[in-house]
Structures are given as structure tokens and as C-alpha cells.
Amino acid sequence: MVTYNYMVVDITERRGTEPHTDLVFQALADATRRDIVRLTMHGEYSVSQLAKRYPMSFAAVQKHVAVLHRAQLISKERSGREQLVRGRPDVVRAAATLLDEFAALWRDRIDRFGEVLADEMKGTPKMKGTPK
Amino acid sequence: MTVTDVDVNRENKTLTVTAMFDASVERVWQLWADPRKLEQWWGPPTYPATMVEHDLSVGGRVRYFMTGPEGDKHHGWWRITSVEPPSRLEFEDGFGDADGNPNPEMPVTVARVAIEEAAGGGSLMTIESNFPTDEVMAQMVEMGMQEGITLAVGQMDALL
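Order-wise, the sequence lines are chains Y and Z.
Counted from 1, the first sequence has number 32 at position 32 by my numbering; the numbering is strictly sequential.
Each position in the second sequence, counted from 1, maps to that position plus 1000 in my numbering.
Please keep in mind that the hints were generated in silico from the structure rather than gathered at the bench.
Here are a few chain Z residues that face chain Y, going by a calculated C-beta distance under 8 Å:
1) Leu1015
2) Val1017
3) Ala1023
4) Val1028
5) Lys1037
6) Pro1044
7) Ile1127
Not close to chain Z: a few residues of chain Y, all C-beta gaps over 12 Å, as computed:
8) Glu44
9) Ser46
10) Ala60
11) Gln62
12) Lys63
13) Ala66
14) Val67
15) Arg78
From the structure, some residues in chain Z lie toward chain Y, with a derived Cβ separation under 10 Å:
16) Asp1007
17) Val1008
18) Phe1021
19) Asp1022
20) Arg1027
21) Leu1031
22) Trp1041
23) Trp1042
24) Gly1043
25) Ser1129
Computed from a predicted structure; not experimentally measured.
In this text, a Cβ means the ideal position worked out from N, Cα and C, and glycines have one as well.
With the rest of the complex left out, here is chain Y:
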């Protein structure tokens, strides 16, 4: 298990490149947008190709793509008259991993917490008494 402290070493050298996390989480909070990210992770899609997949207008899909783009979850590239959309696994992975790691860190801590308590109960003779 990687420790949280261990994780942050040298972070200061990499500043200025971080995506705006709020935007990332907001963007991923919508099922259609998650689907677009998932899809474009495996290949490039034009906005009109994407629009055909969902029961909504081209404009609505375009809006979803814009939200994802703002969060840097996808990149857009112009190809003739079309915009090609491609997912950015690095950003998705970072957003998903982080809180998961943080949760794992606390889960491990609580496991140890329980072990320390259990050991105490086993190891402490009754006569020592506990303050109430």
C-alpha cells in the first residue's frame, strides 16, 4: 500500500499542469459524458458521430463535449470540417485514483486502529483497570 505522504514527493516541481479538479468531477457526474469519455478513450470520434449515438440533438452533444473539453478529459482536434474528439486517460485516471487512494489510506488506518484496540484488550490484565 502506497502511503499518502509518499505520493506527494516532488509535487512542487510539477505545478501549473494540474487540471481543474472541480471541472473534472462535474464533467464525470453525467452518464452521457462518462460514456463519451469511455468511448473516445478507445478511438477518435467526430462530434457528429457521437451525436448519432445518443437520443439528443447535435447541439446537446456538442455541449457535453465542451464540458469535457473544459475539464481536459478529452482533446479536440480539427480535421477538415469536423472536430475529432479523443479521451485523455491520464486525466480520468488521476481523478478516479486519487480519492480512491485516499479512501484506501483511511481504510487501512482504521483496520490498524481496530487491531491496536483488540491487542490491548487481549494484552491488558484486568487489574490494571481503565479510567471510566
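Since the structure of chain Y is provided, determine the placement of chain Z on it from the hints.
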């Protein structure tokens, strides 16, 4: 027996940990209040924590370092913002520089601990950890990135 639930709320930027212990509130509190006991669980076995300073009064500090397998030291600190022994503790949880002083470049989270008597005996402990600012979240994402731990895209739904 420990029943643990860890809930991540992305909207409120909160991590909530709930755990049940077959021990009195006072005993559970001692694992926070006694630095020798705190050392036994705060850091993982491969990065054991050593408490250098431990003052659980309002405004007080806890300073510690964790020692890695290579002898590498990672410093951390708390600043106590509220305390009601044996049931409540609130503190800022941050990182230190090489000398153990708070490092302003590093993210600070706020942790709220509540310990109460459970209905069926034992104690219920709740820890709420907040990421106070967008900047902190951004930094934390950056850190996650640095670890380079891969996660299947399919796992996204489970996380959201």
C-alpha cells in the same frame, strides 16, 4: 470486531469513514490522545510514524514523521482546531518539509473525528475528511497522477 464503511462524496469533497469497535469511547479516544498508541496505527507498517510533538489542545500541534523502507523520512503535522475529549477532535492535516515545518506548497485537509457510544454497546467512530479548496483537490489529483497507478476506465462508474 471492526465494521468499516468508507464513503467518498465528490460533490461535497468529503470522505466519511465509519467504524465500530468493541471498546469504550474512552479507550477509542486513547488511540488519538496517546502518542505512543497513535504511532501504532497512523502510518502503515512499512512507513511507521513517530510522533515528535503531540498537543491535542485547541491551537496545539501534532508533528510526526514516517520512516520509509529506505530510511526516508516524510513529515506531517496537525493543527488542532477543536477538541472535546473523549468524543470530538477536529484538526488540519498537512505535510511538512524536510525539517518538519508545515509546507505551504502541500495540500491541507480538515479531519473531524466523532466517537460515541453505540446503541448495542461498543463505540462508533466517524471521521470526516474535507478537501477545503479547489486548489487542494487539484494538487491531490496531481499527486494521484504522479503515482501512475492505472485504473480501468470501466471502474469509473463504481467510483462515481
